[in-house]
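Heads up: the protein sequence lines correspond to chains A and B, in order.
No gaps in the numbering here: position 175 of the first sequence is 175 in this note's numbering, and each next residue is one more.
No gaps in the numbering here: position 159 of the second sequence is 159 in this note's numbering, and each next residue is one more.
Certain hints may be false.
Partial pick of chain B residues on the chain A-facing surface, computed with a CB cut under 8 Å [to be verified]: (1) T27; (2) A31; (3) V38; (4) R42; (5) E69; (6) S105; (7) K109; (8) Q111; (9) T116.
These are calculated hints, taken from the structure and not from any lab test.
Predicted model only: the values in this text are computed from it and were never measured.
Cβ atoms here follow ideal geometry from the backbone N, Cα and C, with glycine treated the same way.
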Amino acid sequence: MAAAESLAVDARGLTKTFRGGWLGRRRTEALRGASLAVPRGAIMGLLGPNGAGKTTLLSILATLLIPDGGTARILGLDVVKQAREVRRRLNMTSGNTSFVWSLRPPEVLEFYGRLYGFHGRALRTRVEALIEQCELGPHRKTQYNELSTGLKQRLAFAKSLLNDPEVLFLDEPTLGLDPDVSVRIRAQVANLRRERGTTIILTTHYMREAEELCDEIAFIKGGRILAQGPADALKRQIRIGEVIALKLDPVEPAGLADLTGVLDVRRHGDTVEATVDAVEKRLPEILRWLHEQSAVVRDCRVHEPDLEEVFVELAR
Amino acid sequence: MSSLAEQSAAFRRPPASPTDGLRAEWTRTWAFAHRNLVMARRNIFFVFELAFWPGVAMLSHGLLTRFLELTPQMTAFILAGTVALSTVQVCQLDVAYVVLFDIWSKSMKHQFLTPTGIRHLAVGSWLVGVGRGLVVFALMAAIGSRFFGFHFLGAGPMSLAVFLLGCFLCSLIVGLFVCALVVLFGTRAETSAWAAVNLLVMLSGIYYPISVLPGWAQTVSRAIPLTYFLDDFRTGYGFAGAFGHPLAMGFGLAVLYLALAHWALAAAITRSRRTGLLLKLSE
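So here's chain A without its partners, still in its complex pose:
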């Protein structure tokens, strides 16, 4: 019970099938028993290829979709039976968010602020604070359809903070943004957790973003969560090994890939990357073998596989 209480998100065995076409004969299984547990105050990265079920999972958790099976609780509240109370305490934004075109940024925020029950001075103060925080001040007179993509994203992000949510879902919040805007949004996400203790689930295609922000990563594919845990633990769990990057002369001596413990050898320009099962054991062996082959080692670096490699491995 205590463990369940410490979870902001507790989804178990969620299933969802979409029906389309004539008489609903075309079926798309978007979720096939997805389970996800996110502790309060954590930032969880939800990664997966296109069509993996990321948005469907977030939409169910945000009460926008009703699952076919399974259960989901947000802050201990059932997302189907207690949807109204859940909505009061969460918010969501996505990379393709849109608002009523002819409204201006303060009007958009005031509209949704009122729907959360804010009024009078409290509403005005909150809207002004978010306009300032998201640097929308110079654009307060611009209608939504005349804002740039980056400004629209910032407005969407501001809207998602209106009710000071305890749980926040960000569905590809930096999609298609300039690097400087992405950096600012990432900084704000990190601040939210640090200053407000907001639990955040973030879907992204940018592995660097996930590694930078997230305490834990969940990989979803085919409607199922394949793995969940801290990035480092996932890398170990997947056992895709560590990488020894070598600059050699000759560049790629024949036979390197055949050595014991060498899982993969790839060449990137003048660098050869050998993925090995245990670097402490294999590095001396490889260096010894290279010496025997009369190969000159110009540079040698060891690094862990990045999250992208884990992603590729899991997405296979």
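Take the given structure of chain A and dock chain B to it, following the hints.
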């Protein structure tokens, strides 16, 4: 993982969003009303809805009564129908717009992500619709009175107030059903926002008594509240009423249909959440 557990314990705070109460209820209702007002102020087409079409309808129907050399009593019969059509049309459009604005701008999911209810969007948009309907009525009354000698207070102020209330209730009902259709079928159903009222008023005896309709159509007419409100208003101009207790029937049916329309929209939203259409309408 243990560090996350420690963080979890530290992050317990009360929600910032206000709890329910009368003030919060009104605030949510006002949100929709205010948005409709802002949109009405900013869109030139709303001027057409408010002044152009009702004005054209009143003038053309008034001129038709002149051409046909109708008596003042018959003129009142026809122009009462013209007013009913325009006020119901304008008011129900405001209710339909509450969903259509979000459909057109693909922002549907955001309002359903908030703790708002059907009553808020219905009443909020309806209040603006009532305001716009009254403006339309005032315009038409001025034209009717100035050019065609038709006095809308001829049946008495109470009779007029009840008639307008009946029209506005019918607008709310039609608007909610249109919203349900749009939520259920998406943009394919948006033409119902303009078509539904015309069908309704045609069957309500807008320019004629329902006795001229075929038998099956008269049965349908008797199930429409507007039929009774028109009948009651016209008795104030000396026409024999077709029904015994038109106001009781009209308001009784209106309450019944309001409950049905609310249920229909709630069911449509639930179905839309189930099928995923709510998300598709936001993409």
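Hints, one by one, checked against the model:
no., hint, verdict
1, T27, "holds, 4 Å"
2, A31, "holds, 3 Å"
3, V38, "holds, 6 Å"
4, R42, "holds, 5 Å"
5, E69, "violated, 47 Å"
6, S105, "holds, 5 Å"
7, K109, "holds, 5 Å"
8, Q111, "holds, 6 Å"
9, T116, "holds, 5 Å"
When each numbered hint is compared with the structure, a violation occurs for hint 5 only.
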